[in-house]
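Asks: Sequence:
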Amino acid sequence: MKNNVFALLFKLAMNIVLAWVAFGIIGRNPLTYVIILGIATTVINLVLGDLFVLPKYGNTVASVGDGFLGVLTALVMDQLVLEFTTSPMTLLIYGFTILVGEFMFHSYLQNLRLITR
Numbered sequence: 001m002k003n004n005v006f007a008l009l010f011k012l013a014m015n016i017v018l019a020w021v022a023f024g025i026i027g028r029n030p031l032t033y034v035i036i037l038g039i040a041t042t043v044i045n046l047v048l049g050d051l052f053v054l055p056k057y058g059n060t061v062a063s064v065g066d067g068f069l070g071v072l073t074a075l076v077m078d079q080l081v082l083e084f085t086t087s088p089m090t091l092l093i094y095g096f097t098i099l100v101g102e103f104m105f106h107s108y109l110q111n112l113r114l115i116t117r
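For the sequence shown, UniProt numbering gives the first residue as 1, with consecutive numbering after it.
Hints are computed from structural coordinates only; laboratory data are not their basis. Here the structure is a predicted model, which means the values were calculated and not measured. There's no promise every hint is true.
Stated by the list, open to error - Taking CB as the label site, the calculated pair distances span:
(1) V81 <-> K2: 31 to 39 Å
(2) Q79 <-> I26: 14 to 22 Å
(3) Q79 <-> V5: 27 to 35 Å
(4) Y108 <-> E83: 33 to 41 Å
(5) N111 <-> K56: 12 to 20 Å
(6) V43 <-> M104: 27 to 35 Å
(7) L75 <-> P55: 25 to 33 Å
(8) I35 <-> Q79: 25 to 33 Å
(9) V21 <-> L72: 31 to 39 Å
(10) L72 <-> Q110: 33 to 41 Å
(11) E83 <-> V21: 17 to 25 Å
C-beta: ideal position from N, C-alpha, C; glycine also.
Go ahead and model the full structure; you've got the sequences and the hints to work with.
Replies: Here it is in structure tokens:
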């Protein structure tokens, strides 16, 4: 249980930091929306990527999917929130950093045997 809580908090922190780099520092969006994006990305990637795709298809497919889901989440937020904007560069940075971060995170989960294939 302790490992599960730590993994969830780590994933949340990672996604907020990656959103802040791409959309806060580079994209100059308000911090509130960046944090909301990080939380939304964490929840969506956890449910779809970590619980369904990762055990069935493996780390690479799940990580690429998580990157795409992160970009899709940012695009939806861009359409729904007037004060939040994206650009091709911020989306590329966000998607790629999520892909890399999730690949390492999934390896950690598999090493702890929290996710089995």
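Asks: Is the distance from the Cβ of V81 to the Cβ of K2 consistent with 31 to 39 Å?
Replies: 36 Å, holds
Asks: Could you see if the CB distance from V43 to M104 stays within 27 to 35 Å?
Replies: 20 Å, violated
Asks: Hint says 25 to 33 Å; check whether the CB-CB distance for L75 and P55 agrees.
Replies: 27 Å, holds
Asks: Using the C-beta atoms of I35 and Q79, is the stated range 25 to 33 Å upheld?
Replies: 19 Å, violated
Asks: Using the beta carbons of V21 and L72, state whether their distance is inside 31 to 39 Å or not.
Replies: 18 Å, violated
Asks: Could you tell me whether the CB distance from Y108 to E83 stays inside 33 to 41 Å?
Replies: 34 Å, holds
Asks: Cβ-Cβ distance between Q79 and V5: within 27 to 35 Å?
Replies: With a Cβ separation near 33 Å, Q79 and V5 satisfy 27 to 35 Å, so the hint holds.
Asks: Between N111 and K56, does the C-beta distance stay in 12 to 20 Å?
Replies: Hint holds: Cβ distance 19 Å, inside 12 to 20 Å.
Asks: Hint says 17 to 25 Å; check whether the CB-CB distance for E83 and V21 agrees.
Replies: Cβ of E83 to Cβ of V21: about 19 Å, so the range 17 to 25 Å holds.
Asks: Does the Cβ distance between L72 and Q110 fall inside 33 to 41 Å?
Replies: 25 Å, violated
Asks: Confirm or reject the claim that Q79 and I26 have a C-beta distance inside 14 to 22 Å.
Replies: 20 Å, holds
Of the hints listed earlier, those the structure fails to meet are numbers 6, 8, 9 and 10, in rising order.
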